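Student: Residues per chain are reported as follows:
Protein chains: 2
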Amino acid sequence: MQNSGDLSGTLGLLRDGSPHTRAELAQITGQARSTIGARVEQLLESGLVSPAGDAVSTGGRPPATFAFNPGARIVAAVDLGATHARITITDLASTVITEHLETIAIGDGPELVLARAAAMAGELIERSGRTMSELVGVGVGLPGPIDFSTGRPMNPPIMPGWDGADVVGQLSPLLGGAPVLVDNDVNLMALGEHKSDFPAVDHLLFVKVATGIGAGLISDGAIRRGAQGAAGDLGHIAVPGGQDVVCRCGNVGCLEALASGRAIAAKLTEAGLLATSVADVIALVRTGDVRASSAVREAGRDLGKVLATCVSMLNPSVIVIGGRMAEAGEHLLAGIREVVYGRSLPLATQHLSIVTSRTKGRAGVVGASTMVIDHVLSRDGLEALL
Amino acid sequence: MQNSGDLSGTLGLLRDGSPHTRAELAQITGQARSTIGARVEQLLESGLVSPAGDAVSTGGRPPATFAFNPGARIVAAVDLGATHARITITDLASTVITEHLETIAIGDGPELVLARAAAMAGELIERSGRTMSELVGVGVGLPGPIDFSTGRPMNPPIMPGWDGADVVGQLSPLLGGAPVLVDNDVNLMALGEHKSDFPAVDHLLFVKVATGIGAGLISDGAIRRGAQGAAGDLGHIAVPGGQDVVCRCGNVGCLEALASGRAIAAKLTEAGLLATSVADVIALVRTGDVRASSAVREAGRDLGKVLATCVSMLNPSVIVIGGRMAEAGEHLLAGIREVVYGRSLPLATQHLSIVTSRTKGRAGVVGASTMVIDHVLSRDGLEALL
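Which chain is which? The protein sequence lines are A and B, in order. Its first residue numbered 0, the first sequence is counted upward by one per residue in numbering that gives the first Met the number 0. Its first residue numbered 0, the second sequence is counted upward by one per residue in numbering that gives the first Met the number 0.
Everything labelled a hint here was simulated from the structure, so no lab data went into it. As the structure is a computational prediction, the values presented were derived from the model and not from experiment. Keep in mind that the hints are not guaranteed to be accurate.
To be verified - Looking from chain B toward chain A, a few residues come up when the C-beta cut is under 7 Å (computed):
(1) 173
(2) 195
(3) 198
(4) 199
(5) 225
(6) 226
(7) 227
(8) 230
(9) 232
(10) 235
(11) 237
(12) 239
(13) 242
(14) 244
(15) 245
(16) 308
To be verified - Now the stretches of chain B that chain A is said to cover, found in silico as 3 or more residues with beta-carbon under 8 Å:
(17) 215-221
(18) 285-298
(19) 301-307
What the hints assert, rightly or not - Short derived list, chain B residues pointing at chain A, Cβ under 7 Å:
(20) 202
(21) 236
(22) 311
(23) 314
(24) 344
(25) 346
(26) 347
Every residue gets a Cβ at the ideal spot worked out from N, C-alpha and C, and that includes glycine.
The whole structure should be built from the sequences, with the hints applied where relevant.
Tutor: Structure below.
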């Protein structure tokens, strides 16, 4: 009788993307051929592993190879923002099979918003010719602080009606009882960036610059959420040498009050331009408006002042700038780089890259899917799939 | 034949401080009594585990119990500062058996300083009636950035002659070929505080305030060193709203230029007081000098401005203030608390404690010892002890 811990280990080896023979698996693990044989058999039965043809013979009958089969099951990934929902069905390698994007109002509350998300996920599953029985789990990203152990939002400032909501309890029954995992949207974006573009980077800081500002920290290869799940809350850090603008949180000189999309739009409006949203700011930058690009660069410098502190504190090797404002292109990045490289110590910056996200808004859903897959294929989660 | 991984796991259970019977160990691990019996036998032979009397009988012969025996081997812990060396022999529970403190000049270079440390460690081992053959490893803390994988200092600003020095290669032969692990002193102080006073806390920030300022980060229960081992470099972070004092690093408004012991001493000297060192500052505070205590409190506020940023970023549940300046007592802490609780968001501060170190200068050696023990009793390290 195999326990799921051993199976999870064997599956972990097969998830490297290459086919392996039983002999190779036995050699890597140092375990008996018969033990490995039984595990491979069980994984074949579950469909999680498939035959991958014969290896080259070294004389005699060529040995069979096996590989992880990411198409064996599906995951639903739900990325909810203040005004948008992105719902995606992925395979077990976080590859997007089908997705849907729509406008929502998060303030409609959990019941309405989650019911809509579940309905869309169900429709996407059907549309892609799959069934609810293939769904191994649901990953949800929400725009506020989350108690990761329970999946409940904690005093989320921009999510009226969601404080303490039982997201898991409401969503799971609507999706065939699949396990539901919930995290802060920016943590999941960090996880998605890591999975998509920087799988080999152990220390990564992802910064979302949109209407608000937040960050997700990856340190030694894993998301660090802090004691209450509030780590990465960059928006209300005081900018060193920043202007004394009053923030909506009541404090003065917060990063969000100076460098968020909302703050830039307000500054441009004051200057007589028509800019009420992040989209307007980006449109102005794209038309070549110098006041807009200069305001974006100045916001980049303010971001840089706070990120220089993060670099000294965390010593990441990559900072990824994402969120809608990252679409303003080089202007934001130039401001950030100017200050970070000038302000941080050489040891921490000599191997530091600062880049914009290339995930085209998909980092959140890829991260949500990755979170679910890492859980369901783990020692604790695998039993339910066999 | 047992492999050391299995043995390390069994030993890990016994390290909880309580005696266990073979039956308990078999039950906890889910493994066969015979397997556990063989492992206990091997650990008894090594001396790492000792008989701990009989358990209460439930009828029939009472079963024997076993416990981890921290006295079975010894560890040398060496904490080197700019001007001091603390050399300690501990048991395998990081309990100090004997220690020696002396004044050194780190600028004398690695050869001289390490030879002196090794000689003192040898003398302490002898003086405590132990032998070099009982030494399982040496932990060294150095006051600069360290490449943890090689144990070599990297461009350490206050350690002339130490850049890239082969600390392991120089020290190990002088101490019977024992394995040597090297880390930054502040990381080890964080580890020592964690081990001594906050073993159950997963998110802890240790801040050393002395001539300079640095921090060690514990996140999800482990030290996070960052990509180049430079994480926690608080000293040259720009203080939000701080004064434009020029720092020795060439930048302006660095935390060290405003709030280090050196900066406070300089400020008091300017005000006509006799203060050339951290010791002078503390002496003045203790005599009740209002200018000194007010300068310390102001330094606390500047520290608080940077720590508020760290709280938003990392969401720790404990901040420990250590280093010589922590001896200035409540004045420093009051300044820190005033700003951190006022500036950080409620979610991150409602369960946050800010305390001064109670380890009486021993955090560094306890941390160095803990680092060595965690390594030698791990899966990879245990084989050498059997």
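Student: If a hint holds in the structure, say so; if it doesn't, say that too.
Tutor: For each hint, the structure was consulted:
Residue-level restraint check for residue 173 of chain B is violated (minimum Cβ-Cβ distance to chain A is 29 Å; threshold 7 Å). Interface restraint check for residue 195 of chain B: the shortest CB-CB distance to chain A comes to about 19 Å, outside 7 Å, so the restraint is violated. The beta carbon of residue 198 of chain B comes no nearer than 15 Å to any beta carbon in chain A, farther than 7 Å, and the hint placing it at the interface is violated. A distance limit of 7 Å between C-beta atoms decides the matter here; for residue 199 of chain B the minimum to chain A is near 12 Å, and the interface restraint is violated.
For residue 225 of chain B, the shortest C-beta to C-beta distance to chain A is roughly 3 Å, which falls under 7 Å, so the interface hint holds. At its closest, the beta carbon of residue 226 of chain B sits 4 Å from a beta carbon of chain A; the interface hint therefore holds under the 7 Å criterion. The interface hint given for residue 227 of chain B holds, since its Cβ lies 6 Å from the closest Cβ of chain A, which is under the 7 Å cut-off. Residue-level restraint check for residue 230 of chain B holds (minimum Cβ-Cβ distance to chain A is 4 Å; threshold 7 Å).
A distance limit of 7 Å between C-beta atoms decides the matter here; for residue 232 of chain B the minimum to chain A is near 5 Å, and the interface restraint holds. For residue 235 of chain B, the shortest C-beta to C-beta distance to chain A is roughly 6 Å, which falls under 7 Å, so the interface hint holds. At its closest, the beta carbon of residue 237 of chain B sits 4 Å from a beta carbon of chain A; the interface hint therefore holds under the 7 Å criterion. Restraint check, residue 239 of chain B versus chain A: the minimum CB separation of about 4 Å is within 7 Å; hint holds.
Contact between residue 242 of chain B and chain A, as hinted, is not supported at the beta carbon level, the nearest pair being about 11 Å apart and thus beyond 7 Å. Annotation: residue 244 of chain B was flagged as interfacial toward chain A, and the flag is violated, the nearest CB pair being 13 Å apart, outside 7 Å. Contact between residue 245 of chain B and chain A, as hinted, is not supported at the beta carbon level, the nearest pair being about 14 Å apart and thus beyond 7 Å. The beta carbon of residue 308 of chain B comes within 5 Å of a beta carbon in chain A, closer than 7 Å, and the hint placing it at the interface holds.
Look at the region 215-221 of chain B against chain A: 4 of its residues bring a Cβ nearer than 8 Å to a Cβ of that chain, three or more, so the hint holds. For the region 285-298 of chain B, the stated coverage by chain A is not satisfied: 0 residues place a CB nearer than 8 Å to a CB of that chain, which falls below the threshold of 3. With 3 residues having a Cβ less than 8 Å from any Cβ of chain A, the region 301-307 of chain B passes the three-residue criterion, so the hint holds. Satisfaction of the interface hint for residue 202 of chain B is found here, the shortest Cβ-Cβ separation to chain A being roughly 4 Å, below the 7 Å cut-off.
With its C-beta approaching chain A no nearer than about 5 Å, residue 236 of chain B sits inside the 7 Å limit, and its interface hint holds. Given the 7 Å rule on beta carbons, the hint for residue 311 of chain B holds: about 5 Å separates it from the nearest Cβ of chain A. Among the interface hints, the one on residue 314 of chain B holds; its C-beta lies about 3 Å from the nearest C-beta in chain A, closer than the 7 Å criterion. The interface hint given for residue 344 of chain B holds, since its Cβ lies 6 Å from the closest Cβ of chain A, which is under the 7 Å cut-off.
About 5 Å separates the beta-carbon of residue 346 of chain B from the nearest beta-carbon of chain A, less than 7 Å, and the hint is met. The criterion of a C-beta within 7 Å of any C-beta in chain A is met by residue 347 of chain B, whose closest approach is roughly 5 Å, and the hint holds.
The structure is inconsistent with the numbered hints 1, 2, 3, 4, 13, 14, 15 and 18, although it conforms to all the rest.
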